[in-house]
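Engineer: Given only the sequences and the hints, what does the whole structure look like? Please build it.
Okay, here's what each chain looks like letter by letter:
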Amino acid sequence: MYGFILKRLLLLIPIFFAVSIVVFLLLPLTGDPARQVAYGQGRYDITPHELENLSHQYGFHRPLYIQYIRWLTGYPSADPAQGENATVIPKGLLRGDLGFSYTRSRPVASLMLEALPQTLLLTFTAFIMSLAIGLLFGIFSALRRKTWVDYTFMGTAIFGVSIPFFWQGLMMILIFVNWLKWFPIPTAGEHGLMYLILPAFTLATHQAASLARMTRSSMLDVLRQDYIRTARAKGLRERAVVYKHALKNAFIPVATLLFLRLPFLFGGTVIMEIVFSWPGMGRLLVQGMGAMGASKDWYIVQGGVLMFLVLAVFANLLADIMYAYLNPKIRYGEGG
Amino acid sequence: MLDRVRDFLRRVRRSTTFRYLRRDIRAKIGGGIVLLVVFTAIFAGFIARHDPAAENPSDRFQGPSWKYPFGTDDKGRDIFSRVVYGARTALIIGTLLVVVEAVIGVPLGLLAGYRGGKVDNLIMRLVDAVLAMPGLIIALAFVAVFGPGLYKVVLALAITGWAGYARLIRGQTLAIKEETYIEAARAIGEKDRTIVFRYVLPNAISPLIVMITMTFPAAILLSSSMSFLGLGVQPPTPDWGYDLNAYKKFLGDPMPGPLMTILPGIVMVITIFGFNFFGDALRDAYDPRLRE
Amino acid sequence: MPEPLLKVQGLKTYFFLERGVVKAVDGVDFEMKKGEILGLVGETGCGKSVTALSILRLVQSPPGKIVEGKVIFEGEDLLKKSNEEMRKIRGTKISMIFQDPHTSLDPVFTIGYQIAEPIALHQVIEQHLMRAEEVPGKVMEMLKLVRIPDPEHRVVEYPHQFSGGMKQRAMIAMMISCNPSLLIADEPTTAVDVTIQAQILDLMRDLRQKLGTSVLLITHNLGVVAEMCDRLAVMYAGNIVEQADLKTLFEDPKHPYTSALLAAVPKVGTKKMELETIPGMVPSLITPPPGCKFHPRCPHAMDICRKEFPQMIEIDKGRLVRCHLYGGGSKK
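Chains as they are written, first to last, in my numbering: chain L, 20 to 355; chain W, 8 to 299; chain P, -2 to 329.
The hints are simulated quantities; they were obtained by calculation from the structure and are not laboratory data. We put the CB at the ideal spot given by N, CA and C, even for glycine. Honestly, I wouldn't trust all of these hints.
Short, incomplete list of chain L residues facing chain P, as computed with Cβ under 7 Å [as the list claims (entries may be wrong)]:
1. His80
2. Arg81
3. Lys253
4. Asn268
Structural biologist: Written as structure tokens, this is what we have:
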């Protein structure tokens, strides 16, 4: 198993470089990075001379590969002789610098340090909430296949995955905040428990529905297998056959898929953060992209995209580890 | 020509898959919804009774009525017409997305599955990497860089979406490759290209059709989310997500304010649900293991 | 004459499918004595496995269902028992080993655990014949009994670490751990290669000798049958067509199907250059041919064969045939 994991970890290095290149290229690809910065700061009437100045301040006049190395490592450092501004020149991703947010006049890293925990909190809460319901519904449906229980659960589940996150969020606000008044109005910056529940729940319903379908499918597959027949032939109690043998086998692909779906869940989190004004990285990122009337801030975009990509890679790694751990064939290797 | 179509339809009608579908209520309900939506999208001009962009300041904020089935919005536009044309936008996005994703993904999948070895390895690593990515976020980044708009949205979503097709086709190709009729074809000297297009591809069609069906709900979900954030389809093109973003500010108002968000949303949900329902039935109909 | 261990009477197991009702077992009768090895022979698809599963009531239901018959084991009709009673019989009084050892073992539990399960459940918890501490010892005993080498290390390994033959033996260990009176072996040698086959058969003979276990051996391999069985029952399209002890059946087969089967086995030393086959095809179990199901392929088919389904006739002591050549018409 450790060999398996080690291989995966080693793959992380090229992946990291690939991701970093993609993220870095976001700004240059717009065609005119200096102008992007200017517009972000609201300077729509910037003169060509000022633009040139700005370009030098940010080091955009340097060759692209130099800019990349600088972005990654911080070398070469800001050269005032070329008009480079030390505050805004990247000091190296590998040294913890994620750029300088020119719309908020703060290092991106500090913005993200505040926002990241919120995003993780929201996603994690939703994840946990969805587990119990999703698994139970899925198992029950599989066991009572083709009965009204199955049809009801699965019908609900299909509806669950058919409702767009943002609309569900809006409906939740309508019902639980406006009409029932059980929860406070989502306010920018607020991140207490009462503000957490609704968005987490909205995310969780989607995830649970998906999980229920996966679990049911996996259980049905497993229950069809020969070794289940063997278990019954041994005279084991039905409870043991189902909850010990069937479930343990069915759980392996489900657990793996759960983690593989995390990137999708992060996408949902981004939307939830906007709808519920939750102060997480998704909201930061989307605002940085110019949504909701905010000004575009490319360093926030870079930082945000990078962070989500890293999270996605991490989620995948977790999925691989989970699979290696749960599957005896990988955990104990081939023998015999 | 017409004969071939008639022949094809006859074969479809007799196929076991179709028989399963006919008895599956999911296919009937889901299929019904899909047909309804497609019909609406195509004949939007006839079904919508007003110009979706036409503003009537005197008729603002009206509740549902005979004239305006979903009421009017803050600019006096007929919401129902907007929803109808929005369906057209949604289906156009879905169709385009299917085409782009399939054009990229299917050949890559065929190549990987048929060639095997290093080619397969390389392509699959790429596919795995892409599948691991958060699709929505990448799409948003793309639009941030290259600008919004319907076609950009399709491209943005296709960047990550093709991988599903590639993996599916590769799996199918691998399985079919081992069949004896492929060996036979090769034995009589058929060229690789012929084998792939005449034997492998037609047999990989069934799960492909399921995937195509399921691309639509994903396309609608994602593109409407992007438009909701303002990073997707832009006016004047009507779009469900965009409208819902515009109408959400009236949620706190007295009726008919919230209806502006509720009604189009319900239509959206039913559409997505229809595709999902039908897709599920289709998938089960093709699955040989479910043949009792 | 002592009571037979197992008496199957008029067993009918049907599968209710989309395309029709498959009459997999369509009126099967046979008996087994204590301590004997009975071979249930026939081509693939003739209903042998379903018969075995029906005895243990392990038939997938839906779509299968035991519609009629009696399965009398040690004097009691199993088909009348409750699910819970039946469960207590499985693994303890009657056990079954399956054809494909690769898919019949749970991949996520160790071999030791899977062998211990029935022991712990039946011997310790239900029947109080053993204490919990004795279970590991019993597991080792079983592993040694089925001759798995290096049992101390093997016991904590997973199925995928075992070879095919070892998996089959592990399954045997699981199933005989509670000393069943009847062991049903469904094609135990089909999925393994010849050398392993010999070991497995050897083992089974050993068990019969040491523990007195009766074996219902299901197979389509006449070579295996010749080595192992005391008596044979030949099955065709859901019915038993002939029953006799081994020697008699091989030397003097009465039913045309049996003769054809025996003739089809290529023998070393004969001068024939062609393989003998049975003309025609295995009949559909949904719409079997009228009258005797074998008549379309039978070289001795008579008029009555096309019309009337033959009854089982005892032409000699312990010798039964279902064929119009020997009577078999219904009493007029």
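Engineer: Against each hint, give a clear statement of whether it holds in the structure.
Structural biologist: Against the structure, the hints come out as follows:
1. His80: violated (61 Å)
2. Arg81: violated (56 Å)
3. Lys253: Since the shortest Cβ distance to chain P is 4 Å, the answer is holds.
4. Asn268: holds (6 Å)
Hint check: violations occur at hints 1, 2; the rest are consistent with the structure.
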